[in-house]
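Colleague: As a plain string of letters, each chain reads:
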Amino acid sequence: MMRRTVISILIMLLGGFLFLEACKKQGDTATALIPLQFTVPVGFPDPVYKFENNPLTQQGFQLGKKLFFDGRLSKDGNFPCASCHQQFAAFATFDHPFSHGFNNQFTTRNAPGLFNVVWMKELHWDGGINHIEVQPLAPIVAENEMAETIDNVIAKLKDDAGYRQMFKTVFGDEEINSQRMLKALTQFVAMLVSAGSKYDKVKRGEAYFTEAEQSGYEVFQAKCTACHAEPLFTDNSFRNTGLPVNEILKDIGRMHITGNPADSLKFKVPSLRNVYATFPYGHDGRYYSVSAVIDHYRYAVVNGPATDPLVKNKIAISDYEKQDLLAFLQTLTDSAFIANKRFAQTE
Amino acid sequence: MKAGSGYILCALLFLLCSCQKELKNDNSTLKSNTVHIVFRPVVKGQPLLFNQPYTNAFGEDYTVTAFRFYISALSLKNNNTGFPVTSEVKYRLADAAVGNTLSFAISPDQNTFNGLSFQLGVDSIDNVSGAQGDDLDPARGMFWTWNSGYIMAKLEGASSYSTVPNGNFTYHIGGFSGENKTMRSISVSVPQGRQITLKDNRITTVFVNADIDKWFDGAHALSIASNAFVHSPGSLAASYADNYAGMFSIASITEE
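From first to last, the protein sequence lines are chains L and V. Using the numbering used here, the first residue of the first sequence is number 104, and each one after it goes up by one. Using the numbering used here, the first residue of the second sequence is number 16, and each one after it goes up by one.
It should be emphasised that the hints constitute simulated quantities derived from the structure, not laboratory data. Be careful, since some hints might not be right.
What the hints assert, rightly or not - Stretches of chain V that chain L covers, calculated by requiring three or more beta carbons in the stretch to come under 8 Å of a beta carbon on chain L:
1. 138 to 144
2. 159 to 167
3. 170 to 177
What the hints assert, rightly or not - Under the rule of at most 30 Å between Cα atoms (straight-line distance), these lysine-lysine pairs were calculated in the DSSO-like manner:
4. L:LYS271 x L:LYS304
5. V:LYS196 x L:LYS259
6. V:LYS169 x L:LYS224
7. L:LYS153 x V:LYS196
8. L:LYS169 x L:LYS353
9. V:LYS105 x L:LYS261
10. L:LYS224 x V:LYS92
11. V:LYS169 x L:LYS353
12. V:LYS105 x V:LYS196
13. L:LYS353 x L:LYS271
14. L:LYS169 x L:LYS259
15. L:LYS224 x L:LYS444
16. V:LYS196 x L:LYS353
17. V:LYS105 x L:LYS153
18. L:LYS224 x V:LYS214
19. L:LYS444 x L:LYS304
20. L:LYS271 x V:LYS105
Just so you know, even glycine gets a beta-carbon here, dropped at the ideal spot from N, CA and C.
Generate coordinates for the entire structure from the input sequences, incorporating the hints supplied.
Modeller: Here it is, written out as structure tokens:
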């Protein structure tokens, strides 16, 4: 009798313990999320991406950063986002017209630098991506880039206890799906704000242009800002700048997305921030120097039906003006951004 | 001993109850007059069989290997009172290969209706809202990664009339803006102007046919020989959307 009672009590205690444990999983063990502030630099417009349904947190940013540098997002493990988006090149691919992808293949467009992305309404050279959160899907599944499937990436992340813990911290439970992965990646990419160049310091009254830089700035304002509008140094429009079509790639740019012949050979106006770090230039990386790009506008514009009126008659820039312009464009390099340890791979 | 067991029982019950809160479903108790809407993929009225040879209006042979479409805002209609009762499912990816994706349960407040309506596709706002989950998860294979936007409906198969090397046809129909819009509002009525009256404790099931053959021959004549694939938004995709908008009809209504 006594023994039975003892056993009953033990069973009760064990049962109660198990139930309590089962309940516990739902709550209170979660690590507190540390909110992260997104600061709009002085003089910048309101961002397009407003972090709706994706509250920025320290842990979300760290998870996004881990994903950004993780080769497992690619089929053979060799091509993390960071393989084409290198910090020392302002997150473009250093010194490559095209980037390397899976199975010894090349991309078909020049990798753009990643900074100030939250101010972009459309992404990619052809504007095919309509929202920052879904952009990573394009390189992940592209056969010549990361060559992986979404399901495989999610399965690999689920296999990793470290990721399960991080997702749980950020999103409340261990569930890992594409939506959560993309939101975390967005938190990292969104924080890549570049607004600390000499140009910015001059604007804030913290530094002065040299004489050449100042003259170059005046040339820039007279002849370049119609497309490369301050402070983002792009108006985010799509334009045909008179680059003859690449005969091998036959890349028609924006028309590939819209199907509209008026968009033939139109490509996104790239920001000129960090321009000296992101060479080569053009959607297919055909120009290896800033000087060569300026010379294109001075001498080499090829007119077609959709060529932009602003460049149709070429842009008159004298040799003197060009030297000053080059001096000014160097003030757009944000060395602090390029060296910011916060954005560098941990380990 | 008896007291001990009672105590254990009480303790376990208490613990169960304390857990219950988190398990509890938001759905209130199912009303007795539930309507089941069941979509049936068919070819010329006959239940679809994958890889079975069919012939379309142009005399072209074809087989079907995949058939999926998004359904949203499914609601019952009553032309007399005009009340809409919308199912709670925001978006459902109906997949001919996955039976339970094809049926919906609706519990209306009123008991008579004479038709139903729904949206086929994904609303424009949900095409530009970033990363989504559940049936809109891009991993479902209904999202274009290079040209952001959802594929509203997908039909894949093979035909000897296909002009692509492997003899397949792949119709991935999407596009959400302007003339390229491929979302369609569908409305189907109960045949012969009849009215359905739900009865207590009886389950009424409405079978809605989705006839694949209409993809080729509906508002537009779209032979396999002329188009073996559609993989981007545009006027051709919109023509297929016009055709699939006409593929639905109420086939039968049962009570049990």
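Colleague: Which earlier hints turn out false for this structure, listed by number in ascending order?
Modeller: 3, 4, 5, 8, 10, 13, 18
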